[in-house]
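Enquirer: Listed here are the chains, written in short residue letters.
Protein chains: 2
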Amino acid sequence: MAITVVGSVAFDSIETPAGKRERCLGGAATYFSLAASYFTDVRVIAVVGEDFGRRQEAVFEARHIDTRGIERATGKSFFWEGSYLDNLNEAKTHATDLNVFATFAPKIPEAYRDSEFLFLANIDPVLQRRVREAMPQARLVAGDTMNYWIKDHRPALLEVLKGLDILLINDTETRMLAGNNNLVQAARAVLAMGPRTLVVKHGEYGATAFLRGATGDDVKLFRAPALPLEEVVDPTGAGDSFAGGFFGYLASQQEITPVSFRHAMFYGSVMGSFAVERFGTERTQNLSRKEIDDRFNLFRELTHLD
Amino acid sequence: MAITVVGSVAFDSIETPAGKRERCLGGAATYFSLAASYFTDVRVIAVVGEDFGRRQEAVFEARHIDTRGIERATGKSFFWEGSYLDNLNEAKTHATDLNVFATFAPKIPEAYRDSEFLFLANIDPVLQRRVREAMPQARLVAGDTMNYWIKDHRPALLEVLKGLDILLINDTETRMLAGNNNLVQAARAVLAMGPRTLVVKHGEYGATAFLRGATGDDVKLFRAPALPLEEVVDPTGAGDSFAGGFFGYLASQQEITPVSFRHAMFYGSVMGSFAVERFGTERTQNLSRKEIDDRFNLFRELTHLD
Numbered sequence: 260m261a262i263t264v265v266g267s268v269a270f271d272s273i274e275t276p277a278g279k280r281e282r283c284l285g286g287a288a289t290y291f292s293l294a295a296s297y298f299t300d301v302r303v304i305a306v307v308g309e310d311f312g313r314r315q316e317a318v319f320e321a322r323h324i325d326t327r328g329i330e331r332a333t334g335k336s337f338f339w340e341g342s343y344l345d346n347l348n349e350a351k352t353h354a355t356d357l358n359v360f361a362t363f364a365p366k367i368p369e370a371y372r373d374s375e376f377l378f379l380a381n382i383d384p385v386l387q388r389r390v391r392e393a394m395p396q397a398r399l400v401a402g403d404t405m406n407y408w409i410k411d412h413r414p415a416l417l418e419v420l421k422g423l424d425i426l427l428i429n430d431t432e433t434r435m436l437a438g439n440n441n442l443v444q445a446a447r448a449v450l451a452m453g454p455r456t457l458v459v460k461h462g463e464y465g466a467t468a469f470l471r472g473a474t475g476d477d478v479k480l481f482r483a484p485a486l487p488l489e490e491v492v493d494p495t496g497a498g499d500s501f502a503g504g505f506f507g508y509l510a511s512q513q514e515i516t517p518v519s520f521r522h523a524m525f526y527g528s529v530m531g532s533f534a535v536e537r538f539g540t541e542r543t544q545n546l547s548r549k550e551i552d553d554r555f556n557l558f559r560e561l562t563h564l565d
Numbered sequence: 260m261a262i263t264v265v266g267s268v269a270f271d272s273i274e275t276p277a278g279k280r281e282r283c284l285g286g287a288a289t290y291f292s293l294a295a296s297y298f299t300d301v302r303v304i305a306v307v308g309e310d311f312g313r314r315q316e317a318v319f320e321a322r323h324i325d326t327r328g329i330e331r332a333t334g335k336s337f338f339w340e341g342s343y344l345d346n347l348n349e350a351k352t353h354a355t356d357l358n359v360f361a362t363f364a365p366k367i368p369e370a371y372r373d374s375e376f377l378f379l380a381n382i383d384p385v386l387q388r389r390v391r392e393a394m395p396q397a398r399l400v401a402g403d404t405m406n407y408w409i410k411d412h413r414p415a416l417l418e419v420l421k422g423l424d425i426l427l428i429n430d431t432e433t434r435m436l437a438g439n440n441n442l443v444q445a446a447r448a449v450l451a452m453g454p455r456t457l458v459v460k461h462g463e464y465g466a467t468a469f470l471r472g473a474t475g476d477d478v479k480l481f482r483a484p485a486l487p488l489e490e491v492v493d494p495t496g497a498g499d500s501f502a503g504g505f506f507g508y509l510a511s512q513q514e515i516t517p518v519s520f521r522h523a524m525f526y527g528s529v530m531g532s533f534a535v536e537r538f539g540t541e542r543t544q545n546l547s548r549k550e551i552d553d554r555f556n557l558f559r560e561l562t563h564l565d
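Read top to bottom, the protein sequences are chains A and B.
Remember, the working numbering sits 259 above the position in the first sequence when you count from 1.
Remember, the working numbering sits 259 above the position in the second sequence when you count from 1.
Just chain A, with the same shape it has in the complex:
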């Protein structure tokens, strides 16, 4: 089943202990769609500026990602500059230039309208909601958000959460959204805001899914590990790549069962683990399905009890 994703396509300048890259292709929708493209058809809704050229376009094309929903606007693309010199788990932001993103009004190509899966990457919740409402046929809707929207745009974000099946955020965002430092209590509070499923991403420690049961009180958990990595070159995009692997795998399944959901969590961890091995999208844009499945099996071995 095809996924439509709305979010940022951007340029990132990144510094990590492993080195520096200027203006590499980035953005949540980019990482998400590259990761998901190994599992299913992906269609992107975004806006870019005049600096988005053939080279960037080719990265999407090579992975057969539908870019008809990427609008070309006058001006520059969204630009982010950050570093991870002291702590690979947390970026220090040096610059965020919204540029053409400041006036982004998502337009949905007619050809996208039969997408049964919709991913609302981390953007203004007002836009997330607009896209969700414009795609009523989507039968599974997942999304992401960040501290900025949680703190300063709460009412709009709460409206989005009501319409989400699956929310994917990290530990800090979960605690902040719920106003509760205990992760399990916070997860319950978030589930009460709308999503049936909350996937909390723990960075290098994997991710935990909290699944609301039929009665509401009954919450089931599943924990997927992350692979401890010998070399983390650049953590940028790991969370979006997790989301892409997770949602891409789900969309590729005939039916979502407890087992396919668990496998999706593992594929999310797998795609996150590839993303950090090179700068920007370098690793994620050049994988084979065999490499992905080999790592899936490594993860299985890493956690298999008996």
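Just so you know, not all the hints are guaranteed correct.
No copy labels: a pair is met if it fits in one copy or bridges any two.
To be verified - With a straight-line Cα cutoff of 20 Å, these simulated EDC-like cross-link-like pairs (lysine to aspartate or glutamate) come out: (1) LYS479 / ASP553; (2) LYS410 / ASP383; (3) LYS410 / ASP430; (4) LYS366 / GLU316; (5) LYS479 / GLU489; (6) LYS351 / GLU274; (7) LYS366 / GLU309; (8) LYS279 / GLU490; (9) LYS479 / GLU490; (10) LYS410 / GLU349; (11) LYS479 / GLU560; (12) LYS351 / GLU281; (13) LYS479 / ASP552; (14) LYS279 / GLU541; (15) LYS549 / GLU560; (16) LYS279 / ASP345; (17) LYS279 / GLU536; (18) LYS479 / ASP424.
To be clear, the hints were calculated from the coordinates, so they are not data collected in a lab.
From a predicted model like this one, the values you see are computed outputs, not experimental measurements.
With the hints as your guide, set chain B onto chain A.
Expert: Here is chain B on its own, set in the frame of chain A:
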């Protein structure tokens, strides 16, 4: 097979967001031996002062722990005071009074000398080494340490590591000991210092075992989850309880196989998860084997892929 453990038996005053307790029974050897006592016979080597009375003694007796190696000295027992008000993952130490521990010279009762399993809890590496050398019959030796010994007593600690089969420490200690921020590289460096196996405890995220293979270069990994808990009352002793569950289960097995090792990691996580549910040793001293196995099965369910 019986385990002998050497380490601290102490009084702790603890403040957490859940409340406050004055002078409850604590110490690494206490947590370790209570957790291990559900799996095998445990013998303790420690020193206490005149403040260690019948009530404390009874906690060990109720779990059939051999306390003949707990020396009674003139003065007060080791005392620690700490709080976890801002961060449940890291204690803020307000006082550490070594008291009778300052001149501790471990004496090993004759009856302990046939222990095939030896655990060197977090104490001065000079003492760890002395106990190890006095118990040459021990065929599996595991140990713990902390930042203080890593920073200021490195040569003595390195001598201990040479004689260890299994080292159990946390993420920060692993990175500090190796002088390398990448956990996998740090783990390799620690394995080169002596232990065949390194178990890195991740607190609320579980633990990862790094197992050195026959060739030295070949390192195998296994990751055990922690249970996300609704209520963390007091994190004190979680790591020592992990070690007790882990080593206690190993000692209860006829043979250490990859499967029994993996189960031991899970039992470690199980005992750590109980420890934090009440203040001090309250929860760990009052468990049934059924409660332990029920939680083991919950952990299995939490991580089982297929």
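Enquirer: All the hints need checking, so say for each whether the structure fits it.
Expert: Quick rundown of the hints versus the structure:
| no. | hint | in the structure |
| --- | --- | --- |
| 1 | LYS479 / ASP553 | between (28 Å within a copy, 16 Å between copies) |
| 2 | LYS410 / ASP383 | within (12 Å within a copy, 47 Å between copies) |
| 3 | LYS410 / ASP430 | within (15 Å within a copy, 31 Å between copies) |
| 4 | LYS366 / GLU316 | within (18 Å within a copy, 73 Å between copies) |
| 5 | LYS479 / GLU489 | between (32 Å within a copy, 13 Å between copies) |
| 6 | LYS351 / GLU274 | within (10 Å within a copy, 33 Å between copies) |
| 7 | LYS366 / GLU309 | within (18 Å within a copy, 77 Å between copies) |
| 8 | LYS279 / GLU490 | within (15 Å within a copy, 42 Å between copies) |
| 9 | LYS479 / GLU490 | between (33 Å within a copy, 16 Å between copies) |
| 10 | LYS410 / GLU349 | within (18 Å within a copy, 26 Å between copies) |
| 11 | LYS479 / GLU560 | between (23 Å within a copy, 10 Å between copies) |
| 12 | LYS351 / GLU281 | within (16 Å within a copy, 41 Å between copies) |
| 13 | LYS479 / ASP552 | between (26 Å within a copy, 19 Å between copies) |
| 14 | LYS279 / GLU541 | within (13 Å within a copy, 51 Å between copies) |
| 15 | LYS549 / GLU560 | within (16 Å within a copy, 28 Å between copies) |
| 16 | LYS279 / ASP345 | within (14 Å within a copy, 35 Å between copies) |
| 17 | LYS279 / GLU536 | within (14 Å within a copy, 45 Å between copies) |
| 18 | LYS479 / ASP424 | within (15 Å within a copy, 37 Å between copies) |
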